[in-house]
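Please take these sequences and the hints and turn them into a complete structure.
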Amino acid sequence: NKIISLQEALRHTKEDDLWLIIRNKIYDVTKFLQEHPGGADVLVESAGKDSTQDFLDVGHSQAAEDLMKSYCIGKLSDQDAVRLARKGKTCMFKGVGFALLGIAVGVATIFIIRAVMKRS
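According to UniProt numbering, the residues represented by the sequence shown are 1 to 120, in order.
Hints are computed from structural coordinates only; laboratory data are not their basis. A couple of the hints might just be wrong.
Calculated lysine-lysine pairs in the DSS-like style (CA-CA distance at most 30 Å, straight line) [said to hold, decoys possible]:
hint, residue 1, residue 2
1, LYS118, LYS49
2, LYS25, LYS14
3, LYS31, LYS14
4, LYS87, LYS14
5, LYS49, LYS31
6, LYS87, LYS118
7, LYS2, LYS25
8, LYS2, LYS31
9, LYS87, LYS49
10, LYS75, LYS49
11, LYS69, LYS14
12, LYS87, LYS25
13, LYS118, LYS75
14, LYS25, LYS69
15, LYS2, LYS49
16, LYS2, LYS118
17, LYS75, LYS31
18, LYS69, LYS2
19, LYS69, LYS31
20, LYS75, LYS87
21, LYS118, LYS31
22, LYS87, LYS2
23, LYS25, LYS49
24, LYS69, LYS118
25, LYS69, LYS87
26, LYS2, LYS14
Quantities reported herein were computed from a predicted structural model and do not represent experimental measurements.
Laid out in structure tokens, this is it:
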């Protein structure tokens with residue numbers, strides 16, 4: 001299999017040029033978009049990241065797994081596969097900082113309102 005860099009794989013995110021990364025393999029699904037039973041939008045939304053979990057969550061059939069082989073154009077380098085795995089482990093916490101900030105602001109607002117009401 002051809003080795004494709006993560007940087008290269010992430011450049012192909014448009015409907016007329018769409019690659020997916022699933023299980024560290026790269027699939028050019030551009031010609032499959034209109035045939036995809038779940039619609040083209042699902043595939044476009046999965047581009048630009050590791051799509052493995054998206055693929056597994058749907059529970060594809062063996063026929064779908066077999067069909068994928070015809071769209072495989074290469075695989076990630078071992079180094080990029082490790083980098084992507086690390087990124088995936090931290091992505092689940094993405095945005096938590098903003099959520100905590102929102103909670104902190106809300107709590108502070110409550111204390112300020114209580115303090116103002118006690119003075120009145």
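A quick look at each hint next to the structure:
1. LYS118 / LYS49: Judged against 30 Å, a Cα distance of about 52 Å means the pair is violated.
2. LYS25 / LYS14: holds, 18 Å
3. LYS31 / LYS14: Holds - the C-alpha atoms of LYS14 and LYS31 are around 12 Å apart, at most 30 Å.
4. LYS87 / LYS14: Distance of about 22 Å is within 30 Å: holds.
5. LYS49 / LYS31: holds, 19 Å
6. LYS87 / LYS118: violated, 48 Å
7. LYS2 / LYS25: Between LYS2 and LYS25 the Cα gap is close to 10 Å, so the pair holds against 30 Å.
8. LYS2 / LYS31: At roughly 20 Å apart (the allowed maximum being 30 Å), LYS31 and LYS2 satisfy the hint.
9. LYS87 / LYS49: Given that 30 Å is the threshold and the Cα spacing comes to 10 Å, the pair holds.
10. LYS75 / LYS49: The hint holds at about 14 Å.
11. LYS69 / LYS14: Since the Cα atoms of LYS69 and LYS14 sit roughly 21 Å apart, the hinted pair holds (cutoff 30 Å).
12. LYS87 / LYS25: Holds, at about 17 Å.
13. LYS118 / LYS75: violated, 65 Å
14. LYS25 / LYS69: holds, 10 Å
15. LYS2 / LYS49: holds, 19 Å
16. LYS2 / LYS118: violated, 70 Å
17. LYS75 / LYS31: holds, 19 Å
18. LYS69 / LYS2: holds, 14 Å
19. LYS69 / LYS31: holds, 14 Å
20. LYS75 / LYS87: holds, 18 Å
21. LYS118 / LYS31: violated, 67 Å
22. LYS87 / LYS2: With a Cα-Cα distance of about 23 Å, the restraint between LYS87 and LYS2 holds, given a limit of 30 Å.
23. LYS25 / LYS49: holds, 12 Å
24. LYS69 / LYS118: violated, 69 Å
25. LYS69 / LYS87: Status holds; Cα separation ~26 Å.
26. LYS2 / LYS14: holds, 22 Å
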